[in-house]
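Enquirer: I would like the entire structure built from these sequences, with the hints used as guidance.
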Amino acid sequence: MLHPAQSLQRHGHDAAPWPPIDVCHEADAAGVALRCEVEPGRGGGRKGQRAGHVAHGGTSGVGRSRRSRRRGPGVGTAGQPGPARARRVRRRTNGARGCFDRERRCSTPTYRPALGGVHRARRLPGTGLTTARGTRGTRRCPVTVTWERFDDGVVVLTLDDPDRRNAMTAAMGDELAARCDEVAADDTVRAVVLTGTPPAFSAGGDLDMLEDLARRAREEGFDAAPFMRAFYTRFLRIAELPVPVLAAVNGHAVGAGLCVALAADLRVVATTAKLGLNFARLGLHPGMGGTWFLPRLLGPERAAAWLYTGALYDGASAAGQGLALESVEAAQVLPRTLELAGEIAASSPVVVRQLKRTLQASPQLDLSTALAAEAAAQAVSYGTADLAEGLAAARARRPARFPGR
Amino acid sequence: MLHPAQSLQRHGHDAAPWPPIDVCHEADAAGVALRCEVEPGRGGGRKGQRAGHVAHGGTSGVGRSRRSRRRGPGVGTAGQPGPARARRVRRRTNGARGCFDRERRCSTPTYRPALGGVHRARRLPGTGLTTARGTRGTRRCPVTVTWERFDDGVVVLTLDDPDRRNAMTAAMGDELAARCDEVAADDTVRAVVLTGTPPAFSAGGDLDMLEDLARRAREEGFDAAPFMRAFYTRFLRIAELPVPVLAAVNGHAVGAGLCVALAADLRVVATTAKLGLNFARLGLHPGMGGTWFLPRLLGPERAAAWLYTGALYDGASAAGQGLALESVEAAQVLPRTLELAGEIAASSPVVVRQLKRTLQASPQLDLSTALAAEAAAQAVSYGTADLAEGLAAARARRPARFPGR
Amino acid sequence: MLHPAQSLQRHGHDAAPWPPIDVCHEADAAGVALRCEVEPGRGGGRKGQRAGHVAHGGTSGVGRSRRSRRRGPGVGTAGQPGPARARRVRRRTNGARGCFDRERRCSTPTYRPALGGVHRARRLPGTGLTTARGTRGTRRCPVTVTWERFDDGVVVLTLDDPDRRNAMTAAMGDELAARCDEVAADDTVRAVVLTGTPPAFSAGGDLDMLEDLARRAREEGFDAAPFMRAFYTRFLRIAELPVPVLAAVNGHAVGAGLCVALAADLRVVATTAKLGLNFARLGLHPGMGGTWFLPRLLGPERAAAWLYTGALYDGASAAGQGLALESVEAAQVLPRTLELAGEIAASSPVVVRQLKRTLQASPQLDLSTALAAEAAAQAVSYGTADLAEGLAAARARRPARFPGR
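Residue numbers (the numbering used here), protein chains in the order written: chain A, 5 to 409; chain B, 5 to 409; chain C, 5 to 409.
Be careful, since some hints might not be right.
Just so you know, same-sequence chains aren't split out, so a pair can sit in one copy or run between any two.
[Said to hold, decoys possible] Straight-line C-alpha distance at most 20 Å; calculated SDA-like pairs for lysine to any residue:
#: 1; residue 1: K360; residue 2: L371
#: 2; residue 1: K360; residue 2: D370
#: 3; residue 1: K278; residue 2: E333
#: 4; residue 1: K278; residue 2: P403
#: 5; residue 1: K360; residue 2: F226
#: 6; residue 1: K360; residue 2: A243
#: 7; residue 1: K360; residue 2: R300
#: 8; residue 1: K278; residue 2: A398
Hints in this document: simulated from the structure, not taken from any laboratory.
Expert: What follows is the structure in structure tokens.
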């Protein structure tokens with residue numbers, strides 16, 4: 005595979021940590037999301053540390069689970085830069101107030117740079133890139149989906165509940181959906197990366213939640229279908245983003261956790277991560293789109309083998325079977341995914357957003373209809389500044405710098 | 005691929021042979037099935053032999069064709085256990101009477117253990133498994149589809165006309181369909197394996213039958229379409245079973261013979277078996293679903309190459325192209341397939357049967373409809389004893405033992 | 005892969021060159037095709053040379069671009085047979101007259117052997133094959149699509165504008181469509197091979213044309229959709245041929261150039277050729293069916309990676325990803341494709357033409373409808389001389405020689 009020269013090389017550069025975020029977020033025992041409102045205070049960070057996201061793909065972060073980092077003393081010294089320190093952001097609650105009206109959406113901190121006090125933008129020396137980041141909340145109101153934004157338009161969303169191996173709850177789904185809504189509303193975003201705080205990508209549906217639903221179904225005749233449908237919708241909001249989504253499957257991804265990765269456009273998986281849709285081994289019919297995504301990626305035979313046996317496969321085998329674009333060492337999963345995202349961000353943003361819709365429609369179209377749609381989309385392209393730049397760059401034999409309009 | 009620890013290890017255990025079956029089955033010259041009724045006698049077997057099905061996957065049976073076994077003397081001694089002896093079941097005709105009303109279905113011996121006299125159940129020492137088996141009929145009324153049942157719910161159906169390389173006739177199709185009807189009516193069956201008596205899996209449509217049809221079409225203007233449609237339906241009854249079907253392609257599978265294997269959910273093929281849809285080389289448009297199954301397994305390009313050239317491929321190449329889950333040595337095809345079937349039988353039977361329907365519908369659904377169907381299926385799961393057991397087993401970190409309800 | 009013994013072995017045989025073609029064909033500056041009428045004169049050729057098409061797959065033609073051949077002196081001596089000489093056909097204009105009415109179709113020389121003076125049929129010694137060929141026109145009226153016909157029914161169409169790396173214009177599309185119309189009307193054609201005059205297969209849409217369309221869209225508000233749709237239709241005429249089409253991708257194939265190859269049934273690609281749909285890097289939405297063909301060949305994930313990044317891949321990687329049946333050295337691309345075409349030509353022509361329709365319909369059908377269609381197609385087969393021959397050959401264990409009716 006020939007990679008464009010424009011690879012962003014975001015990695016290995018010095019960056020300052022972000023300030024803590026003041027946030028309040030709660031969920032009831034059954035995992036149903038509660039509404040939180042946030043009036044953030046103002047935090048301070050320390051300089052001289054790498055960005056956390058960049059770091060947890062770096063070698064110095066390998067093999068250290070989140071849990072161990074928490075317990076350990078502050079080790080973010082000059083001799084051991086980065087991830088540990090960057091992750092040990094102090095959590096403040098000053099100024100936070102929560103109101104616990106039950107509703108679907110939870111207004112956790114937006115990733116928008118415009119939102120004062122939540123975060124601070126930092127320039128990555130030597131790259132020309134600026135990033136901004138939203139990170140974890142208070143102990144009382146944990147934030148389970150964090151985000152990071154690079155100013156080439158790549159946004160990283162991270163399932164960030166490592167003590168529970170990023171197991172999925174309705175509250176986490178609400179946060180993810182909220183972040184997706186914000187991304188969808190921002191015309192400057194060019195690609196989204198979804199990953200998990202190591203060591204896992206996601207262990208799948210929270211076991212407490214499943215037990216509660218099973219108990220209510222047996223004892224009360226509770227019909228779980230509407231709840232499940234809404235549960236899927238929260239997480240599969242990523243499939244509706246107007247830009248390409250890349251899953252950086254840094255560790256184990258099982259059950260519904262893998263399904264969310266399958267909903268992305270592209271996947272890079274860790275060679276040793278265990279991956280599978282183990283529903284049939286649990287006694288639960290698959291959900292979260294697993295029976296729809298899997299046959300489309302693996303073909304009908306391998307999908308049947310995965311689903312009927314509920315077996316787990318390592319990332320290298322899974323990628324070989326067609327589940328992912330590539331498998332690389334765990335430490336390289338996020339860097340490699342960011343590299344791919346950077347290639348997409350270097351393409352014409354107008355075309356990429358058009359393509360997202362085109363590729364979603366393509367399987368349902370006959371050739372003739374598809375050709376008519378392509379002709380219409382090309383007619384739009386001819387009038388864009390992106391194409392003018394692209395043609396000029398082709399004549400000059402230089403890389404294009406697309407304005408995105 | 006990580007295989008669950010629960011692999012059934014049916015192989016290598018001592019088992020007694022089954023008694024002969026008294027059966028009457030006839031077909032007319034054109035291969036149209038005749039109705040047979042059976043009033044079976046009572047046969048006796050000898051102990052100390054392996055089960056035939058297990059055996060023809062075992063090393064001691066390799067390289068010995070059915071034909072050679074027939075001609076050879078009884079060699080089932082302690083020094084050479086099993087397959088030869090197990091296959092040399094005496095055939096009795098006492099008590100058999102046939103009535104030859106022409107009709108579609110042929111009441112060959114049912115596989116149900118409840119049917120007296122046809123067979124006897126045997127316990128496989130050391131495995132906890134009991135098997136029952138139906139085997140060949142009389143010389144006058146050959147049975148061309150035999151069956152074997154393991155009490156973990158795996159049923160093996162065998163195309164059993166080795167002298168004719170298991171070539172397909174309407175009579176064989178009737179037998180296969182009858183066996184499938186019985187399997188479909190049995191809620192305790194968890195998976196079905198389809199294989200052929202070595203050396204072939206199936207040579208495809210019987211050449212006599214094709215010549216007869218061609219002659220009638222040329223000379224009498226006979227429209228063969230209804231006959232062919234009914235011919236497909238008999239064999240493709242396996243595609244309508246409510247449980248997963250695994251094809252153990254132990255040897256050559258050509259033309260319609262391969263199509264039947266393609267109709268299964270999963271395939272394991274012998275590395276050296278020759279596989280192909282050679283219709284275009286014969287001058288006959290493909291049938292038996294070949295033009296439907298093949299593109300869905302191989303993609304449009306390889307399917308076109310296979311069908312336009314009519315070329316044959318060895319099993320290793322075919323599996324590499326996507327025709328089968330795995331290719332293994334001929335002697336390992338049935339054991340490996342039984343291992344996979346055992347993994348499926350260890351999954352929740354409720355979920356597996358739900359999944360069969362879900363995966364058949366999946367290609368036709370859009371994502372939204374598929375999610376609604378998954379939510380409904382999961383709502384069913386929550387009320388099942390299977391899920392209660394699965395959750396309890398997950399908490400206890402032990403394998404689940406699903407009750408199947 | 006087991007190849008039939010009937011491989012045609014067209015290569016390495018001595019053949020005479022074809023006479024020049026008297027032809028007039030022009031296009032205006034924007035690449036819009038003009039109508040040409042041809043009243044050809046009569047040319048003469050020299051004997052003792054290989055056919056050009058065979059040659060540019062042969063070793064003696066490797067590494068010599070068309071451009072270098074043009075510039076170089078006549079080197080087609082006995083010591084260096086073939087390609088150089090065969091390609092250095094003299095171009096005559098005597099007798100040609102052009103009329104330049106603007107219309108869609110351009111009556112460039114038909115490939116039909118019946119058309120006097122345009123070409124001369126030659127027998128390939130030792131093969132039993134006769135070939136006829138149409139080649140380049142005058143300097144004033146270049147022919148950009150040449151053809152060659154083997155008398156086993158294989159027709160080779162060549163994108164033949166090597167100085168411009170076979171970039172696609174409306175005029176070239178008109179020629180290709182005209183050749184396809186003639187092929188479609190000829191019941192004796194059994195397979196079509198599409199290739200490009202080395203070194204490229206096709207560089208894609210002509211840059212002048214794109215710039216003109218972009219300028220008109222920006223300055224005049226020109227709606228390019230109808231033009232693009234018609235542009236696709238010209239080239240994708242190859243997807244509507246009633247016989248299999250094989251693309252011999254001998255060199256770089258980029259953008260719309262690759263799309264035309266994707267529209268073929270089968271592809272053989274050069275290991276080192278650069279292949280990709282680089283539209284997003286140019287700022288232009290993909291056209292020419294790229295967003296329809298690619299996901300069907302590569303699956304949704306790889307197609308997304310190709311289209312979003314616009315990356316180029318070498319032929320070996322592309323074939324491994326599923327873009328082509330095989331990748332071979334550039335010099336072997338045409339020979340290997342002709343070998344495959346020969347295998348198809350050795351199959352029953354009746355069945356192959358039926359299959360073309362069946363495989364086009366298959367993706368849209370459910371299994372039951374597909375089975376009904378197969379039964380109807382088989383009923384047709386039973387009455388054919390092809391099947392009678394096929395069955396007789398099977399009984400006699402000899403290769404069939406199908407009459408094609």
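Enquirer: Now, for every hint given, state plainly whether the structure supports it.
Expert: Okay, the hints, checked on the actual structure:
Taking identical chains as interchangeable, the C-alpha atoms of K360 and L371 lie at most 20 Å apart whether they share a chain (18 Å) or sit on different chains (16 Å). In this homomeric assembly, K360 and D370 come within 20 Å of each other (Cα to Cα) both inside a single copy, at 18 Å, and across copies, at 16 Å. Taking the closest pair of Cα atoms, K278 and E333 come within 20 Å of each other only inside a single copy of the chain (13 Å); across copies the shortest separation is 28 Å, beyond that limit. In this assembly of identical chains, K278 and P403 lie within 20 Å of each other by CA distance solely across copies; the values are 18 Å between and 39 Å within a copy.
For a Cα distance limit of 20 Å, the shortest separation of K360 from F226 qualifies neither inside one copy, at 38 Å, nor across copies, at 25 Å. Taking the shortest Cα distances, K360 and A243 sit within 20 Å of each other inside one copy (10 Å), while across copies they are farther apart (26 Å). Taking identical chains as interchangeable, the C-alpha atoms of K360 and R300 lie at most 20 Å apart whether they share a chain (17 Å) or sit on different chains (16 Å). Within a single copy, K278 and A398 get their C-alpha atoms only as close as 44 Å, which misses the 20 Å cut-off; across copies the closest is 17 Å, which meets it.
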